[in-house]
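Number of protein chains: 2
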Amino acid sequence: MSGLIEPRVLKGFRDFLPGQELRRKTIEDELVRTFESFGFVPIDTPIIEYTEVLLGKGGGDTDKQIYRFEDHGGRDVSLRYDLTVPFARFMAAHVSELYLPFKRYHIAKVFRGENTQRGRYREFTQCDFDIVGVDTAFSDFEILETMYRSFKALDVGEFTIRLSHRGLFNRLLRRIGAEESSVEVLRTVDKLAKVGFDRVRTMLGELVSETHADTILEYIQPENDYDSTLHKMSYLAGGEDADSARLAELHTMITSLGLGDSFELDPSITRGLDYYTGIVFETFLAALPDIGSVCSGGRYNNLASLYTKQELPGVGSSIGLDRLTAALDELDGNRVPASTLEILVLMQDSTLAVHYYALAAKLRAAGFSCEVYPEDKKLAAQFNYAEKKSIPVGIICGQDEHGRGTINVRDLRTRESYNDLSFEEGIEQIRKLL
Amino acid sequence: MSGLIEPRVLKGFRDFLPGQELRRKTIEDELVRTFESFGFVPIDTPIIEYTEVLLGKGGGDTDKQIYRFEDHGGRDVSLRYDLTVPFARFMAAHVSELYLPFKRYHIAKVFRGENTQRGRYREFTQCDFDIVGVDTAFSDFEILETMYRSFKALDVGEFTIRLSHRGLFNRLLRRIGAEESSVEVLRTVDKLAKVGFDRVRTMLGELVSETHADTILEYIQPENDYDSTLHKMSYLAGGEDADSARLAELHTMITSLGLGDSFELDPSITRGLDYYTGIVFETFLAALPDIGSVCSGGRYNNLASLYTKQELPGVGSSIGLDRLTAALDELDGNRVPASTLEILVLMQDSTLAVHYYALAAKLRAAGFSCEVYPEDKKLAAQFNYAEKKSIPVGIICGQDEHGRGTINVRDLRTRESYNDLSFEEGIEQIRKLL
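So the sequence lines, in the order shown, correspond to chains A and B.
Numbering-wise (our numbering), the first sequence opens with residue 170 and increments by one.
Numbering-wise (our numbering), the second sequence opens with residue 170 and increments by one.
Any given hint might turn out to be false.
Heads up, the list lumps identical chains together, so a pair's fine if it works in one copy or across two of them.
Keeping only pairs whose Cα atoms sit at most 25 Å apart, straight-line, the calculated PhoX-like set for lysine-lysine is [what the hints assert, rightly or not]:
1) 546 with 194
2) 194 with 278
3) 557 with 478
4) 546 with 401
5) 233 with 557
6) 531 with 321
7) 547 with 180
8) 546 with 478
9) 233 with 546
10) 278 with 546
11) 278 with 180
12) 531 with 601
13) 478 with 233
14) 478 with 321
15) 531 with 478
16) 547 with 557
In short, the hints are calculated from the structure, not lab data.
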C-alpha cells in the first residue's frame, strides 16, 4: 500500500472507456461524413497558444476560466477555450495560402476551468463548421442544410432548428432607443427558456421603459407560421429591409428543398454573444427539450479583426458533442457495445495456435474483425471474455475439426452452434449471424 | 496596423491546413481499421492530469520537458507527455470494470517542451496499442502481426521489423558481471545506428572491461539468419531458457503465417527504456532507412505498479505518427488533395439556386460529395476556386439546360465537357470521371 499513487483524475476531467469512446467516435465519424459530403475540409490548430492570441485585448468572463501558465521559455501561454478564436487566428495567418469562400470543420478538445457543479466538464469536445469569405443567403442556407443533414444522419428523431436575425433585433432596439443596453437586452431575452416569460418581463423593465419592454416581448413571441412571424418582426423593427429579405429568401429555400418541417422562425433566439450580426439559430430535440440547444451559431461580419485588416464575413455553427452524446445515450438507453469485434477464435488446443492465427487472418481478409484468444485457458474463461467484450460470434476448432478441415461456428449470444462447416460455409453462417 | 495582434503560433507547434489534416486523418483511419480488425478497442484519457500521477516519484529527463503548472484550484497539474503513463493509471483505475486480457489503442496528442532545433515538435501525436494481462508468445505475436498488417495497409513499401529480447540481454550482462551498468550498456548499444560500431566499442569499454565489451559487441551482431542469431544469443547468454524459447516460438509463428520476409532477429535492438523485460522491436522502412524506427515497443512485466498491487504484464507498440506522416509525404511526393470534395455545382444563374441545391442534394443522396458555389460570381472565379480546392468535377446548368431537364458535366482537370445529359446519364459520366 505504502508508496502507491492513487490513480485519480482531476475534477471536471474524464477517462473514456471503450464503449464510450466508440460511441463518441461513431458520432464524430457520422458528422465528418456529412461535413465532407458538403465540401467542408478539416483543419487543426495547437492546443497551446500565446495568451495574447487567445484573449486578444482581454476582458470578459472567459479570462477567469482559461488555463494559463508560463512555459519553459517564460512565454505567457494558454490552452484554447474554444475553436472560434483559433480559427480567426488561423484564417489571418493562412488566408493567402488558402482560397475564399473557405469552409472548414474542426472537431477538437477545448479547456475551461468552469464550475463543475453544474455538470460541466473542464475538458470537452467542440465541433465547429463555418463558411467564411462570403455573405449570401446561399451560404446561410448551406450551414442550415448541413445541420439538418447532420441530425438526420445521427438519427436523433424529430428536431427543430429555431432561426432568427440579429440585424432585425438590433434595428428594433435602435428604434425604441434601447441601443445602449442592447447586450444586456439580448442576454436577458436569451434567458427566456430558462427563467420564463414573467421574469424576463421584470428584467427587461429594469433595462428599458415598461412600454419598450412590452414591445420587445411582443417582438420575441413567434406567430403561427414563418411568414406571419417575419411580417411582425419587420413591422416592429420599422419595415422591410435586407435582413428581412434574407429571412424571406431562406424561407423559400428551406421550403422548396423540403426541409420546412424542421425549421421555425423564433425571434426570441438571440445568442448572447455580441459578435453575431446576421442570422442566429439553435437546435432542439423533440424527445429531449430540457437539455437545451445541441447546435447553435450564426452569422458574423468580421471573423479575424483582431489579427488582420482583411474583412472576413462568415456564418458558422457549433455542436456540443458531449451534450449531444449524453442526449443520444438517453434516447437509446446507452446500448453501446464494448467493442467492434465480430469474431473470437477460441484457443481450444494451443498446439493448433498457428492454425487459429491463419484462420483469423483469412477471416480478416474476408472483411471481418477477428481475434484469437491469446492464452491457453479454460473455454469457460474465454466465453466469459467474449461476453464482456460483446463479441457475437465464436469459432471453435479442435483436433477432430482440424483433421476434417472444418470449423464450428457459435452464436455467442444465443449459444447456438453450427458444427463441422467448411471455411466457406462458416463465412456464410457468420454473415447470417452478424 | 496599430492594435493588430500577430497571428503567430508558438515555436514547436503547428497549424494543420486541410491537405495536411486530411493526410493525417487518412493515416489514422487506416490504422484504426487495422487495430479494430484485430480486436483492439479505443480509449481516451485527459490531457491534463495531476503531476504526481504523471511523474510518479519523479526523476528522469522527462521532468524538465513536461508542461507543468498550477490550476485555478491550486493543484499541481501537467499535460501528458506520453500515452503509456496515462494508460497505466487508466488500467489501475478501471481494471475491475474491464476484463483481461485488455487490448487498447489510443491515438492522441502529447506535449513535451523539447529542443525544437532537432526538428522536433512540442505538440505531437502518438499512436499506442497494447495487450495487457497476459504473457504469452501469442500476444507477442499479435502485436507483431498488427504492426505488419498496419504497415501493409499504409502501403509504405518494404519494411523490416527488427526483433530482440531484453531477458536474454540481461542474462548476458549478469553472466559477465555487468549487471549494475546495464541501463548504460543498453543505452550505449541503442546508439549503434547513430554513432557507429567503433564509437560504441569505445563507450562500452568505458563501462565494462574490454573483454566484456567485445563479448557484448559479438552478441549484438546478427548472424545470417534468425536461427543462427538466436543460437548465438542463447550461447553467449549461457544457454537456452524460456526467453530463447519465446523467440523460437515467435519465429515459428512468423514463418508459418508467411510474414518471415519482414522480420529479422537483431540483438542490437535494446530500446533504451529500462521497463522492458521481454521482446523488444523497432520498424524500419527500406526506402527511408535514415529516418529511424517508425514503430517500436516491447514487453513489460508490470504496467501499473505505481498505482496498484495488481500485476499487469503486457506487450505494446507505438507509432510516431508525425514521423510516419513525414515519411509517407516523402515517399509519394506529398501529393495530398486540398479536399475530398468530388463535385462543384456552379452558380451560373442565381435565379436557379433552388434547382442547384436540389441537384446537390440528389448527388449527395447518390453517394457523392457535392457543394454549390455559394455566390453569384463570374464562372472564371468559380473555376479558380474549384482548382484551388482540387475538385475534379463541375456541373453547369443554365436556363436552357434547366428547361430541357439536363445538366452539363465538366471534367475540371482536363476541361472536357459532357453536355445535355439527363441526371442519370450525368451520374454515370461522373462515376467514370472519378
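Results of checking the hints against the structure:
no., hint, result
1, 546 with 194, "neither (33 Å within a copy, 38 Å between copies)"
2, 194 with 278, "both (13 Å within a copy, 16 Å between copies)"
3, 557 with 478, "between (58 Å within a copy, 23 Å between copies)"
4, 546 with 401, "neither (74 Å within a copy, 34 Å between copies)"
5, 233 with 557, "neither (43 Å within a copy, 41 Å between copies)"
6, 531 with 321, "between (37 Å within a copy, 15 Å between copies)"
7, 547 with 180, "neither (41 Å within a copy, 55 Å between copies)"
8, 546 with 478, "between (69 Å within a copy, 23 Å between copies)"
9, 233 with 546, "neither (55 Å within a copy, 45 Å between copies)"
10, 278 with 546, "neither (41 Å within a copy, 37 Å between copies)"
11, 278 with 180, "both (16 Å within a copy, 21 Å between copies)"
12, 531 with 601, "within (18 Å within a copy, 32 Å between copies)"
13, 478 with 233, "neither (29 Å within a copy, 40 Å between copies)"
14, 478 with 321, "neither (39 Å within a copy, 48 Å between copies)"
15, 531 with 478, "neither (60 Å within a copy, 40 Å between copies)"
16, 547 with 557, "within (16 Å within a copy, 60 Å between copies)"
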